[in-house]
Amino acid sequence: MLRFLIILIGLMGAAYAGERPVMRVSPDVALMLEMDLMMLEGLGGQILTHPERTTVIEVTSFSHKGLLNENLCDDSVSKTYARVKHWFGKSTIQINEEFIRLVYSQQDIFPCKHGSFRQFLTASLWHELGHVWDRETDFSTESQYAALMGGASAFKSSDNRAAPTTPDAYEHKNLRESFAVNLEWFLLDSTFACKRPATQALLEKALGFRPFNTDCDLNWKLLTQSAYPEDHYTRSFDIDPARIYQVHYLFAGKGTALMSRWGHAMLRLIVCAPHRQTPGPECMQDVSHHLVLSYRASVENPQISHWDGLTGKYPSLMFIYRFHEILQEYTKQELRELWSIPLPLEREQIEFFMKVTLERFWGYQAKYLFLSNNCGTESLRHLTAVDEKLFDEIGDFTPLQLFRGLSRLSGFEEINNRKADLEIKGLYFPSHRPLLEEAVMTLKQYGLTNKQDLKSFLKTKAQERLTIYQNYSWEELSMLDTRTVLMSLQYIERYANLNYNLNLLKNITKKIENNAELKNLVETEIQSFMSLSLRPWEIVRDSYGVPSSESFEQQFAQYLAKRLASMNQSKSALDVLLQHPLLKQEAQDIKNLREISNIITIELARPIWYRQEAP
Amino acid sequence: MKKILVVCSLLLVTSTVFAQNRISAYLMSPFALVTRLAETGIVVTSAGVQTLLGPFLTTRATLEARGIAGQEQIKDELLAFDKDMRLGLVGDIEDIRQPGIRELFEEISRDEEELKRIHNFYPEGSLILKLSTIITLKLFY
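Taken in sequence, the protein lines are chains A and X.
Under our numbering, read the first sequence as residues 29 to 643, first letter to last.
Under our numbering, read the second sequence as residues 127 to 267, first letter to last.
Treat each hint with caution, since some may be false.
Here are the simulated DSS-like cross-link-like pairs (lysine-lysine), alpha carbons at most 30 Å apart as the crow flies [what the hints assert, rightly or not]:
id, chain 1, residue 1, chain 2, residue 2
1, A, LYS489, X, LYS264
2, A, LYS479, X, LYS201
3, A, LYS538, A, LYS483
4, X, LYS201, A, LYS447
Think of the hints as simulated: they come from the structure by calculation, not from any bench.
Predicted, not measured: the structure shown is a model, and the values here were computed from it.
Take these sequences, add in the hints, and give me the full structure.
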């Protein structure tokens, strides 16, 4: 019966150009391996079981093994189960004879990888057959696959890779091993399509078959990150492609800091509000639902080290923010312009873009290199993973080059001189600088400052400004003038507050470094803020890849409950911190800023009823 | 690692500085809403204003759903919006040029129950006027 099946499948395989591998092994091992080949063909994998290269399978003694039971789940121990050698058009798959011995002698199930030695033998054979196929096609190194995995540079060192989210850390060795490991799981895990949906799609397309026809329930939810602790990992968003109108390239113009001279590259998702039936141009108005993907160095210190950025000390991660937060960060905090270029993606490409996004959010981490692996290269790789041809000719060295290239591609270049029109369409967002300068002038006009411009206004002490506001004769202003002044005042004082705190961070960090007592206080009092450095897969995690909807709902709810409890503790801990003598001046500054806020709020309520004095 | 704790602590301070204020009752008299406050005997504090605005559940939820950055964005947009209002450029929600405020007002106005509550509370004035008043109070108190 078995012989009949082998002949039948052999005939089926005749449609493929190549031939089945030649077995140079004992009959009992050959039988096992034949069963594995049959199983692979049963899944539709004839393209792998009939390599175009002459392929031989043999069992040999390896010089290094490491195949001990206690080492099985330890990825730090090097183990060789099998390997393939390519030589003049011929490939030889060598299986470790110790491995074969374990397959026969050990029936135990182990809690990692493929679960048993027998299953592991199957996976290893398919893994090596994958290498043979990849040798012919160069699929792993020259296609969208390489872009999806972060390019060859992502594999130069494994210390920044997201080890906890991998089914097998060996995939981080290089692109070819990445492909072979993913192939194993593509062939053996019926839920792979939901765990690595973008990889699944690329493998299906390249190999021409789908091993499992069961439709798993892909979880489109992800968590948004934020610089504000209250908003960090506290909300989930659905990026189901059915709710996405467009994808834009979002470009922040150059800033004053060294690392922002080339601008910053981001990707904006035009997510439609839940009440929209179908995606369309009206979704451009749903700004609070729009999301931004931003590849950044994960820096956990306000004192950014340029040297560390140049030498790959920071991990490169894809962060997801709400669009409003990016607007605040760039146009207000950094006083930079933002350009939003719609990318010419079809619906199918948008769907694939979202799969890439999901897969990367839940498991991608590479090494940030300021010159060679930055936000521009990472963003372009994200796009290339979606469609390598469309973005083939875009320069990728800097975000600015990407801006110019994508502007040409999208026809955006022709219209980008009309900023006012673009602003109305939601495609351009100016810096706050002109409005802030105007606000200073308004205050000067009403005698609330003697400063000529924003720069000099920001140099004034909060105490100095507070005194002016406290002594000001608000009652003498008309209701309408009060409103005008206070709108400008709240606007610029909130900016001054933000600016003060950004500088304060650096000063306090220095104080902490030089004072063990303060450092200890921070460590013991504000533990809950540890969550800000968490990776998404440390909040919600399945065995690997994108978590299922069930895991997501359950684990995220648990995380939120703990998080809310710790946030409340943190607020009181902050008061404790500000009572430290070393932070006396900071505490006073913050008190003054609050007083300014009080005055504005009190006065703002007076003329808020517009009807009182219509123009 | 620990340095980030301080960074975050300070961001927390930033976000709450403009939200913890008390209001002096005597300054409120020209303001219709506060007159109502006085009539109902509610202590005129930030908490008092929030109590008064308590029934506007959709308004509160839509603002909170935007997170801190979203609320900051709307506060920023109020400057230009206020100018447009004074110039008489805003007759309807569609006329609003500030994207965050326009989206917010549209979202609130889709809830008919909320609109009834707002109209009952404020029998006079345009919808834009009522919404902008409530939003300003919600954001600054």
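So which of those numbered hints doesn't the model satisfy? none
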